[in-house]
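Asker: If you want the building blocks of each chain, they are given just below.
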Amino acid sequence: MEVIGEIFYYIINTLVFTYAVAIAVSYLLLAFISMREMKMYMHKNYFIDYKYILSSPFAPSISLIAPAYNEGLTIIDNIKSLMSIMYNNFEVIIINDGSKDDTLAKMIDAFDLVKVDFDLQYTLATKPVKGIYKSRNRAFKKLLVVDKENGGKADALNVGLNISKRELVACIDVDCIIEPDALLKMVKPFLEDSSEVIASGGVVRIANSCIIEDGRLIEVRLPEKLIARIQVLEYIRAFLLGRMAWSKLNGLLLISGAFGLFKRNIAIEAGGYNHKTVGEDMELVVRMRAYLAEQNRRCRVVYIPDPLCWTEAPSNFQILGRQRNRWARGTFETLKLHKRLFFNKKYGIMGLLSYPYWFFFEWLAPFVEFFGLLFFFMLVLMGMVNWTFFFCLLIVVYTFAFFISMFSLLSEEMSFYKYTHKRDIIKMILTALVEPVWFHPRVVWWSLKGNFDLIKGKKAWGEMTRQGFVQYKTKKATL
Amino acid sequence: MLWLEKLINGEILTSKELTIITIALVFFSAGFAFIVTLFLSRIIKSHLQGQKKKIKSKFQKMLNALVINETFSTTEVPDSAFEFRMGEIRSMLGSSNFARQVLIDQILELKKNLSGSAVHVLTATYFALKLEKQSLRKLRRPAWRKKALGIRELSEMNYKPAIPAISKFINSSNQMLREESVMALVRLNTEQSLKFLDIYSGVITPWMQINIHHYLQKSDLRKLPQFSRWFSSNNVSVVLFSINMAKHFRQSSAIAPLLLLCHHPEKKIAEEAIDALGELEAFEHRENVVKLAPKYWEDAGISVKVLQCLAKIGDPYQDTHILLEFLNHKSYDVRFEAVKTLKKLGVSTQQLSAFPTVKGIVDHTTEPLLQ
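Chains as they are written, first to last, in the working numbering: chain A, 1 to 479; chain B, 480 to 850.
Bound-form chain B, shown alone:
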């Protein structure tokens, strides 16, 4: 015990040793603090989850009653009944932001899985309880994820008055915020869903393309804009996106401007434009595509696209001679595509087998299980 007393009084340890022990104590305390935090986090998590579950089950009953009443009622549900329910929910919400957020999440979740009049009831509930104010307040919060969450809620609930506020984030430096606002504008601005492309300076990533396409597919296809109007954009990603959309939504009006893009200095744009011409079945412009073959002979990537395009719009009588030249191309991928194209245009396996450079490819493309 004398040793311990000396140790405590600093008589055993030198100043260096004391410093080291202090560092060790810091590490140990921090490690111990992590353990405490870990257990506390579990307790808080389970408490919050329990609370959320409790509130959710209460709201669920209310929302179920509202939705079922609306869906199965043979007569029109009187406004007073709806207002009565709203009054109940309002009293449950009180001034709790936590409860409000739980309800918003719950409405959004239910809305995803329902359709028709049930969705109208949920939307009406959201607005009757003025929950859009809570969502709009999030747009003013400094944290990007709060802003993004607000944007998500407002767009899910189709709150069009929020368009100007959301538009402010269109060129935000935060990628997530930028993407969320783009997605929201596509959904909310139904009349001019892609107007943002006029001013968009960022890159339209494939991820954004997937999301926008998802929403556009659900929208009224007759109201879609002519994507060719962005073919002259200075933003390469906007041009690529527009070509892809024109191709996917089969806008034949884009064919003429696409012909110009086939000569674009940006290789990727030229590639996509040629591909789109094939997809849009631009038979009347077949000759223009054929003329591209010698121009892009050295570029295997574009040559493959030219061949794929001609497989769809090529003429079996007039184009075979030029396609046969591709059988001696230095790139294997081009030779492979040439064989496929020629077969599609009706050239027989026997004829193709006469070319020693593509013997294996002919066998491969003839194999039914590899198609």
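The shape of chain A in the complex, shown without the other chains:
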């Protein structure tokens, strides 16, 4: 019995150790590739004058699709902000996804909307559309509002795909702050490689504590609350160190649902957004790529490191927990739906590298951490812990987390340099020191809970109450 115990102990130890080394090496490799790619991007960017796109008759046409659900408080400001984006050939399609508040009434009133005879084709199956509205005011001729039965974000986006007749569609969250030149930058990869690029995505940044006026970002500030500040660090790490490298490797599986640009025909051919998953953004990218790979067509999903989209991050643990729970469920649903990709060379880098990475290091990681911890407690009870060795390992894990966070901060500093105050950097360093012990265990727990909720059949998004950006405007006015 003792021998079996020893063997078990040895196997678990070796597996966990190998896993930890593999994850650390992959992070280091991704960080290295990202840094190189970022440097290249910055150099390339120096020579690009995006204004040429603005005035060119050859710029592709774009539909901005923004689903809205109970956004009555901010919808008018948000639409005005979208309408003032710097691009020539675009339209804004707002999908009112069966809001229970006065979202539609406010839009009708503010933009002088009337119902029109739009011949809508349900190319992608969606919930019924109740009406399509256009403005009588020529100033808002680019705006089209759709009123439909509630069906969720994916369903609303599919209605937008059905309505749009344009080459590219930008799917965005209506409450996000989009930088004025965001479309110019997002469309550039499609112009550089018109045949292969099927989607592009930009960096999403945290706007908590930033100064926002009339839907425009006036001043970037580091969030005052620690919970939001940690998310800033997380986002910088994920976007600047993760996605940049995956984009270079042509293995990017996720374009944030907050802001992504897609080739409309490919998105429709692939079947549009899947409304049966809460991770519809990742699922669409994976499906589009898989669809093209199955037809032996080459494709690329490109990532733009410029901060193009600003969003409000959850500022309390309850809402953040719901968000992470949903992310965990979305990840698992997507991986499960596309399990045929797993180490399948037919799908190239996506099958051989990206999918296994997501499976082992994104989905499985919380389980390894949690059960590793349980195993550790078991060893403690059995008095089998070599405490010196344990503390040595703990220190190396902690310093590694610190190292990666500092690397991402340096990467941000060398590229976009958004947090200009010296005290911001000091705050971020302190945040990086606190994060592994104060924040990370909760993320692990929420991910586990998300997976268990999925097993229990939970499908809901979970309410995401936002404080809204309006408060900053008010706050500024009162100063």
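Errors might be hidden in some of the hints.
Stated by the list, open to error - Below, simulated PhoX-like cross-link-like pairs (lysine-lysine); rule was C-alpha separation at most 20 Å, straight line:
#1 A/39 to B/625
#2 B/747 to A/165
#3 A/141 to A/115
These are calculated hints, taken from the structure and not from any lab test.
For this one, chain A is given, so just place chain B on it according to the hints.
Answerer: Chain B only, in chain A's frame:
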């Protein structure tokens, strides 16, 4: 303290533990080094910015004086006055490459926002200070971005003697360098701005098309070449680019060769050629376009282009019958375009409403707010 002494002497830790601690120390030191680099980078950045600002303000005064003197002077500015200013700038530049680069950047920036005689003064300043030598030196640097920067500066300053040196990069493996050289040649080689198309083996991306078009629009349109000369190129992207330019600059001489391209095996070329015929209002070749309709019936993309073309050049009396056939096409997009074309050719809404397959489309196209 005894514990610490033992720890330092390696009496507490095993070799494995020592290795792990060493790794931890490496990570910590690297993390700490990043912090130091981060702060150092801030200090260096702000120092360089300060220095640049200082130099820039000095140059700005000089350049302002030069430009204002030239622009507002009622009499011709004597060469000696110009030379005097140049002497001043030269003494400020000294042997500093940094100052030279700041001045080049400043001249390029000012040039973008000015026109007329002011631009001539800036260009004269650039050449009088022999700054083109600094730009030319960049072409010999190993880094692609330095080369590209040199090319950009020389083309902005319209330095034609650099054409042979820039031409060498036309088929470079580096995309940015290739694009920069193409753009530069379009700007510099005014007599034969698109000659590079004869030898260009890369892909003319939509981005390059946008840039080239931008420069061509600014050039003397009478000197533009006949784009049809590249319709027979083996490079598909060159053919597509030429069709687009012929269409945009309304070169009616391209109509006859475009008719041949309508039968090109490359679908995209056929599509663009048909579209161009419509844009160029090739009324006399309407029948040829009509004949394409049955040929491309199965291809929805080309059928849409045929319909769009006929909307511009079609005959309301002779073409209606064939267009009506499209109302039963399997593709919704084709039916939609057919309705639009028929309406444009004068077919009444009532007549069209008789076709059940397009009832919704007719309502849609009749809605004024959706036009």
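Asker: Hints first: check each against the structure and report whether it holds.
Answerer: Against the structure, the hints come out as follows:
no. : hint           : verdict
1   : A/39 to B/625  : holds, 14 Å
2   : B/747 to A/165 : holds, 19 Å
3   : A/141 to A/115 : holds, 14 Å
Checked against the numbered hints given earlier, this structure breaks none of them.
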